[in-house]
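Those protein sequence lines, which keep their order, are chains A and B. Quick note: to get the working numbering, add 7 to the position in the first sequence (first position is 1). Quick note: to get the working numbering, add 1331 to the position in the second sequence (first position is 1).
No wet-lab data here; the hints were simulated from the structure. Careful, some of the hints might be misleading.
Within a straight-line C-alpha distance of at most 27 Å, the following computed DSS-like cross-link-like pairs (lysine-lysine) qualify [to be verified]:
| no. | chain 1 | residue 1 | chain 2 | residue 2 |
| --- | --- | --- | --- | --- |
| 1 | B | Lys1374 | A | Lys87 |
| 2 | B | Lys1422 | A | Lys87 |
| 3 | A | Lys87 | A | Lys33 |
| 4 | B | Lys1429 | B | Lys1374 |
| 5 | A | Lys33 | B | Lys1422 |
| 6 | B | Lys1374 | A | Lys33 |
| 7 | B | Lys1429 | A | Lys33 |
| 8 | B | Lys1429 | A | Lys87 |
| 9 | B | Lys1374 | B | Lys1422 |
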Amino acid sequence: MIEIAVLFTISCVGLAMALNLWRLAKGPTQADRILALDTMTINAIALMVLMQIQQGSAVYFEAALLLAMVGFVGTVAYCKFLLRGDIIE
Amino acid sequence: MDAGPVEILISAILVVGGFFALVGSWGLARMPTLMTRLHGPTKVTTLGVGSCLIASMIYFPAMQGTFSAHELLITLFLFLTAPITANMIAKAHLHRQKRGLDAEPMDGIADSLPESGVGTGWATFAGRLTEPSDPPR
């Protein structure tokens, strides 16, 4: 039962990532692209967690945590660059 | 194969999480302007990922007998950073709309802002604001 639920959720998240990719390619504004990339990062974290449940191993938690942190820092840095033309002033 | 109550609970949370993740990204793809598109990923997708993490948090102690607090860390971090991300993206969008830097036609968001109500203007536009007719940098 859990196997079927995990498969369903993985397909949902995969479809969501495809939609994010479409928005990332289409834009139209820069802020849209940042938002799409940030959402893709969050969906990738979900995918990692689901993969752990599917395989029954807990080796991807550090990767998921790192991806959460790096994704957040990257998004903030890109927004800061758009706002001020510089990241570290 | 009979499914215990824990399995049913985990499966239900997983399906709900997948549904929310899909709805959030669907909103990102379908909504008309950026300020409406912000709602989907920042709230709904965060909830979807939170559901997946909760399912993982129940699954590993119940099925494998191992406990770890990593999921709680990821959940806490995501829930803390989602509003900050949304705020930064909205500020960057406002800035670019006000200065006319985006090639896309204006969505009118920067002109329809209410007064800030504290005597000075909006902090996003402070200092660097020029007329929209200025050439983009």
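Tested hints:
1. Lys1374(B) / Lys87(A): 22 Å, holds
2. Lys1422(B) / Lys87(A): 9 Å, holds
3. Lys87(A) / Lys33(A): At roughly 22 Å apart (the allowed maximum being 27 Å), Lys33(A) and Lys87(A) satisfy the hint.
4. Lys1429(B) / Lys1374(B): This hinted pair holds, its Cα atoms lying about 26 Å apart.
5. Lys33(A) / Lys1422(B): Answer holds: Lys33(A) to Lys1422(B) is near 21 Å, not above 27 Å.
6. Lys1374(B) / Lys33(A): Distance of about 22 Å is within 27 Å: holds.
7. Lys1429(B) / Lys33(A): Answer holds: Lys1429(B) to Lys33(A) is near 22 Å, not above 27 Å.
8. Lys1429(B) / Lys87(A): 16 Å, holds
9. Lys1374(B) / Lys1422(B): Measuring from Cα to Cα gives roughly 18 Å; hence the hint holds.
Going down the numbered hints, you'll see the structure goes against none, and every one checks out.
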